[in-house]
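Q: Given these sequences and hints, build the entire structure.
Here the protein sequences come in this chain order: D and A.
First residue of the first sequence: 1, per our numbering; consecutive thereafter.
First residue of the second sequence: 1, per our numbering; consecutive thereafter.
In case anyone wonders, no lab produced these hints; they're calculated from the structure.
Certain hints may be false.
A pair holds if it fits inside one copy or across any two, identical chains being indistinguishable in the list.
[What the hints assert, rightly or not] Below, simulated SDA-like cross-link-like pairs (lysine to any residue); rule was C-alpha separation at most 20 Å, straight line:
no., residue 1, residue 2
1, 247, 324
2, 162, 224
3, 113, 153
4, 348, 317
5, 276, 188
6, 333, 38
7, 276, 186
8, 348, 250
9, 243, 84
10, 324, 41
11, 333, 99
12, 137, 221
Fair warning: this is a prediction, and the values are worked out from it, not measured in the lab.
Number of protein chains: 2
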Amino acid sequence: MDSQGTRNSILLTPGPTEIDPDVLRAMSHVAESHFSQAFCNTFGDVLTMLRKLFQSEDPQAQPFVIGGSGTLGWDFTATNFVEPGESVLCLSTGFFADAFEMCLSTYGAHTKKLTVPFGTAPDLAIVEEELKACRYKALVVTHVDTSTSVLTPLQPLRNMLKRVSPETLLVVDGVASVACEEIEFDAWNIDVLVTGSQKAIGCPPGLSIIMVSGRALEVVRTRHSPPSSWYASLTRWLPIMQKYENKEPSYFATPPTQVVHALHASLTSILSLPLKERFTRHQEKATEVRSALTELGLKTVALQPENQSNGVTAFWLPEGLSSKALLSAVLAKGVTLAAGMHPEHGSKYARFGHMGYSVMSESGLRIDIGVEALRETVVGFYESQRQDIATEGYTEFKNQPQSVTVGA
Amino acid sequence: MDSQGTRNSILLTPGPTEIDPDVLRAMSHVAESHFSQAFCNTFGDVLTMLRKLFQSEDPQAQPFVIGGSGTLGWDFTATNFVEPGESVLCLSTGFFADAFEMCLSTYGAHTKKLTVPFGTAPDLAIVEEELKACRYKALVVTHVDTSTSVLTPLQPLRNMLKRVSPETLLVVDGVASVACEEIEFDAWNIDVLVTGSQKAIGCPPGLSIIMVSGRALEVVRTRHSPPSSWYASLTRWLPIMQKYENKEPSYFATPPTQVVHALHASLTSILSLPLKERFTRHQEKATEVRSALTELGLKTVALQPENQSNGVTAFWLPEGLSSKALLSAVLAKGVTLAAGMHPEHGSKYARFGHMGYSVMSESGLRIDIGVEALRETVVGFYESQRQDIATEGYTEFKNQPQSVTVGA
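A: Structure, rendered in structure tokens:
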């Protein structure tokens with residue numbers, strides 16, 4: 001069907017991810033009016049199921065599902081919860097955190113960005129110091145930055161924030177963490193959680209998904225200036241989401257009906273198992289991928305175990321093997337991985353997505369195939385290196401023990 | 001498959017519309033990376049095909065395809081082409097034109113709205129007077145307002161604008177007109193044309209489609225203040241669209257890959273016939289629908305023939321028949337129509353969508369079925385009225401000639 005040769009490749013990028021055939025079938029749902037009772041029922045169920053995914057039972061909190069990408073959630077945050085000139089503290093662990101900060105700044109927020117060394121997570125003591133030095137309207141953290149796979153643990157951050165600056169809103173970018181990392185929206189007192197449909201949720205891209213606490217809704221109700229965006233206005237969308245959750249029609253902009261059906265299918269599948277089991281399976285598979293990397297002598301970008309994500313692993317490539325060469329080689333073996341995302345280091349590392357359907361289906365067989373393709377490629381590279389050296393006359397090299405043990 | 005009873009109804013609303021099975025199949029395209037060559041090729045073709053749909057050959061003009069609804073095109077217009085405080089003249093022929101004006105105003109534009117009597121189009125003399133009285137950065141017109149089905153002819157407006165205020169940008173909301181009404185982007189000197197995927201283009205909802213002239217791009221390049229939106233920033237999206245059109249990967253936000261495939265399928269189908277033929281078929285089918293309404297003694301909301309749209313017809317209901325009752329009755333016959341959209345008149349009129357696949361497939365059979373369902377319902381209503389009157393003792397009524405001739 002596809003002449004490009006990637007039609008049947010296994011997609012192990014950190015989004016879009018592999019999709020359950022039931023979810024793909026839902027994408028072909030026949031055309032229907034967004035005012036029809038059938039669609040209202042579907043959309044209503046989606047919103048109710050999202051509350052479960054976020055482990056939230058607070059009726060004051062409200063999920064939003066809006067046509068667009070996960071990025072739209074940044075605009076939603078920037079235009080609704082922060083007024084121009086207000087201070088926002090942004091913790092940067094990579095490309096996406098940097099972009100979120102730029103988005104906030106575009107809307108007039110006065111941002112302060114704390115950037116950590118590549119591959120590390122924020123030092124809580126430094127964040128605490130900053131929060132004590134200045135009054136911040138919001139603290140923005142990227143739970144897992146897709147570009148580095150660095151995970152910033154939320155609970156210690158939340159506990160500290162509650163202690164030193166309880167009035168500051170906690171905004172979490174969960175694009176690469178929702179549905180593969182434990183997140184308890186209520187218990188962890190998260191105020192705004194933004195994500196997309198196409199990562200661990202396992203739905204095609206096309207939906208911006210946002211969960212907002214009652215406290216954050218109140219912040220919007222009492223703001224001094226109106227939001228400067230139309231399409232990303234919480235005030236415009238709130239009654240629409242309330243109506244749809246009540247299974248009644250409402251209108252602000254036409255929702256992508258088919259993708260909403262697909263989200264319904266993926267959430268139904270996700271919630272058919274206890275969430276704990278889902279998170280454990282992701283953790284186990286992530287550990288397997290990292291073990292394989294260690295066996296290949298490759299280091300992960302996120303060094304500390306507590307900062308390693310369960311949904312994606314960024315790893316350094318051997319000197320001489322570019323991400324482009326690696327990606328081509330694994331693609332030839334039917335597997336799609338992702339290159340690094342960094343102006344300087346981008347070509348020196350690659351990213352292996354292990355989230356959603358590829359982890360949860362067939363005991364994670366697709367991940368195993370991906371690991372094997374990676375292993376063969378890296379071993380092949382090591383072999384070619386040895387041959388190059390041999391050709392150059394260093395024949396004694398072959399007889400020496402290698403620093404890297406390559407597993408079978 | 002669907003227990004709600006609307007699963008197999010024929011969708012004759014002014015969007016979403018019926019979808020070609022090939023387009024629906026494309027919605028189930030397997031997951032793929034938005035960086036893959038295969039996807040770059042598809043997205044590139046989509047952009048090239050959009051130029052053809054807009055009848056544009058100007059290499060300085062640029063199409064944009066962004067995840068979101070058609071409404072996002074208003075934010076795109078408001079944040080990129082107009083700076084806060086600049087004057088914009090908005091011609092209002094209904095709900096959507098009013099909302100576009102509110103969106104512009106949200107972004108800080110100084111808007112002046114010319115609202116015409118319900119069911120009519122703007123009087124060119126009044127618009128000309130206004131353009132002479134004040135210098136406007138942009139003139140915003142809703143080509144067809146979906147809420148009233150009033151079409152505002154673009155060519156006379158453009159000619160007048162060119163004569164009295166050539167520096168004013170012409171912004172056209174083509175959500176309900178692109179792909180069912182003749183639009184020549186270059187020849188008519190349109191500067192910004194916004195539309196959505198789910199109306200006459202016949203693709204599922206989920207894409208904001210925008211065409212921008214070279215002149216309007218220059219306006220963005222030379223603006224004094226940066227755009228206040230992140231997700232709707234033309235400057236951010238422009239290099240992405242240029243790269244994709246060149247079939248190279250690029251990234252700002254993840255595109256809804258499956259919906260882009262669906263758009264590829266629908267544009268391929270649209271361009272397989274000369275556009276003229278497509279527009280003629282829409283015109284013919286619209287005429288048939290309006291003839292049927294006349295036979296039923298029903299008046300269209302848009303009174304003047306030159307202001308009647310070829311994609312949707314809003315029509316007044318007989319006194320005593322609400323849009324809700326009509327919609328329920330035709331739904332029972334397997335057809336979905338839309339209610340009116342107006343705070344005062346909403347329940348007194350209904351809307352019949354005749355655009356896209358339902359017009360172009362099977363010689364418009366679905367439209368014929370829709371007309372028949374409407375006819376039966378209205379005739380049934382007239383009959384029940386007569387019976388009510390008879391029951392009340394006005395038996396002589398039945399023998400008198402009726403003012404309404406109901407066709408078979």
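Q: With identical chains treated as interchangeable, where does the CA-CA distance between residue 137 and residue 221 reach 20 Å or less: within a copy, between copies, both, or neither?
A: within (15 Å within a copy, 33 Å between copies)
Q: How would you classify residue 247 and residue 324 at a CA-CA limit of 20 Å: within, between, both, or neither?
A: between (48 Å within a copy, 17 Å between copies)
Q: Between copies, within a copy, both or neither: which fits residue 113 and residue 153 at Cα up to 20 Å?
A: The answer is within: 18 Å in one copy meets 20 Å, while 51 Å across copies does not.
Q: At most 20 Å between C-alpha atoms: does residue 348 with residue 317 qualify within a copy, between copies, both, or neither?
A: within (6 Å within a copy, 68 Å between copies)
Q: Go through the copies and call it for residue 243 and residue 84: within, between, both or neither, with a Cα cutoff of 20 Å.
A: neither (30 Å within a copy, 33 Å between copies)
Q: Give the relationship of residue 324 and residue 41 under a CA distance limit of 20 Å: within one copy only, between copies only, both, or neither.
A: Between copies only: 19 Å across, 45 Å inside.
Q: Please work out whether the CA atoms of residue 276 and residue 188 approach to 20 Å or closer within one copy, between two copies, in both situations, or in neither?
A: Within. Shortest intra-copy distance 16 Å satisfies the 20 Å Cα cut-off; inter-copy 60 Å does not.
Q: With identical chains, the pair residue 276 and residue 186 could be close in the same copy or across copies; at 20 Å between alpha carbons, which is it: within, between, both, or neither?
A: within (16 Å within a copy, 57 Å between copies)
Q: Checking residue 333 and residue 99: alpha-carbon separation at most 20 Å within a copy, between copies, both or neither?
A: neither (33 Å within a copy, 52 Å between copies)
Q: Which holds for residue 348 with residue 250 at a C-alpha limit of 20 Å: within a copy, between copies, both or neither?
A: Between copies only: 19 Å across, 49 Å inside.
Q: Is it within a copy, between copies, both, or neither that the alpha carbon of residue 333 lies no farther than 20 Å from that of residue 38?
A: So residue 333 and residue 38 pass the 20 Å test across copies only (17 Å; inside, 43 Å).
Q: For residue 162 and residue 224, with the copy left unspecified, which applies at a CA distance of at most 20 Å: within, between, both, or neither?
A: Result: close neither inside a copy nor across copies, 25 Å intra and 41 Å inter.
In summary, the structure is inconsistent with hints 2, 9 and 11 from the numbered list given earlier, while agreeing with the others.
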